[in-house]
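Use the sequences and the hints to build the structure in full.
Chains as they are written, first to last, in the working numbering: chain F, 2 to 235; chain L, 2 to 235.
Some hints could be false.
No copy is singled out in the list; a pair is fine if it fits within one copy or between any two copies.
[Said to hold, decoys possible] The calculated DSS-like cross-link candidates involving lysine-lysine, where the alpha carbons are at most 30 Å apart (straight line), are:
| id | residue 1 | residue 2 |
| --- | --- | --- |
| 1 | 222 | 70 |
| 2 | 226 | 42 |
| 3 | 29 | 70 |
| 4 | 226 | 29 |
| 5 | 42 | 70 |
| 6 | 226 | 70 |
| 7 | 29 | 51 |
| 8 | 29 | 222 |
Derived by calculation from the structure, the hints in this document are not laboratory data.
2 protein chains.
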Amino acid sequence: MSETIPVSTTEDALEPPTLARRAFDSIKSDIIDGELAQGTKIVESDLALKYGISRGPLREAIHRLEQIKLIVRIPHAGSRVVTLDARMMQDIYEAREALEGMAARLAARLMPDSEIASLSELLDQHEAAISETEGKAYFQREGDIDFHYRIAVASQNQWILENLNGELYQLIRMCRRQSGQIPSRAQTALSQHRQIAAAIAQRDEELAELLMRRHISGAWKIVRKILEDQHESN
Amino acid sequence: MSETIPVSTTEDALEPPTLARRAFDSIKSDIIDGELAQGTKIVESDLALKYGISRGPLREAIHRLEQIKLIVRIPHAGSRVVTLDARMMQDIYEAREALEGMAARLAARLMPDSEIASLSELLDQHEAAISETEGKAYFQREGDIDFHYRIAVASQNQWILENLNGELYQLIRMCRRQSGQIPSRAQTALSQHRQIAAAIAQRDEELAELLMRRHISGAWKIVRKILEDQHESN
DNA sequence: TTTTAAATTATTGTCAACAATAATGCTTTC
DNA sequence: GAAAGCATTATTGTTGACAATAATTTAAAA
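Right, here's the structure in full:
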């Protein structure tokens, strides 16, 4: 069976649904899904019209998108949808390696036993999902983020959690979607996740951090290869 | 002599001096210096009046301050100047340890020889400044940030640089100013800086990261003690 | 032709008024 | 005297118009 896996992990859905907030969410999805293509010029009045609101709240939405780096403002040349190049993705994976490594260390120190058990169950679900052949690629990918999200929460470090969840994961999601990556690594990733969970269960901070960092730098090597291949074919 | 040390490191001063930008800078200083006390309620119309601008640009400034965590927005209760508690500072130092550790590693890999030489000169200046007795406490502290800033730049990682410089350092500055910390550690810090610079010069990534992490977690232990003592005396 | 300058247009920055909403204090009822 | 509901007030959210500025086009001169 496996029904549906408790996928994704949308952040603060509790905020009041102000116009600015809704515009922010909509535009964010549009960018991540590629409906607003990379490098597209952003014109406030056009977008305001498109979303049926005035420029005030739309402006606020744009500024927030700029903060999470989905939109880039070039001082005297207006703003554009971000263009994900290899350089930027490398920066992101390096930052992620540092922060998630630390998160894994803290999780090994602080995660309650009950949560560790629950984490293990999550991995069982992922295993079940993987054996149910392909087509589920999407869910497997989101499942991956679920795992990492739990570690970030367990770190009990608000700053790390917010930055991973609010910014880095978004950009990684966007990169995955738009480069149509096939999760051939699902099996490998799962077993690495298991190792990490085991290190946390043993309260081995050092090992948990080490394994997480390897896991992420390994992922970056794959992503880099895909990006390079794409670039050559142009 | 030592004249004045090339202190601080203000970021993107190149942005056009729009009203929102100026308000952002002013309020930021006011918060960091404590002129706007921690926990102060922020009322848009009041502040707009105070700075002689309308609510539009002021709103933008507030949102940006919220992003760098100098202002906290409690959904249905208005926004307030952040209150630095031990929990938050711990989060910041943990994140900083992870990111600056990574930055030191990357710097050891990527920093040009000429920059390494220049870094060494900077430390000479700091040494000279330290021997010129007290009163210079302020400059010594800012000098500390200069060193860390250079490492962040040398990492060639934009994300890490922006987050350290734009957010984490600001909060640390604020914490220092307002808790009136005495830089008794100047000598210790300097020699740790020297060790780190040496590791970078030898291109020893592993050691550079390790030393940087120790340096920062050591700093946190001191700061934590100060914060705890202050809390007890209330 | 190429370059420069002027004028036009497109776009962002700013404002003041209005609307909606949440917090506060008051009255009324039990 | 306490609690609940209502009205008032304070504050934020939203809007459309206006101002300032940067990009673009057009025309003139070399």
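| field | Non-conforming hints, listed in increasing numerical order | value | none
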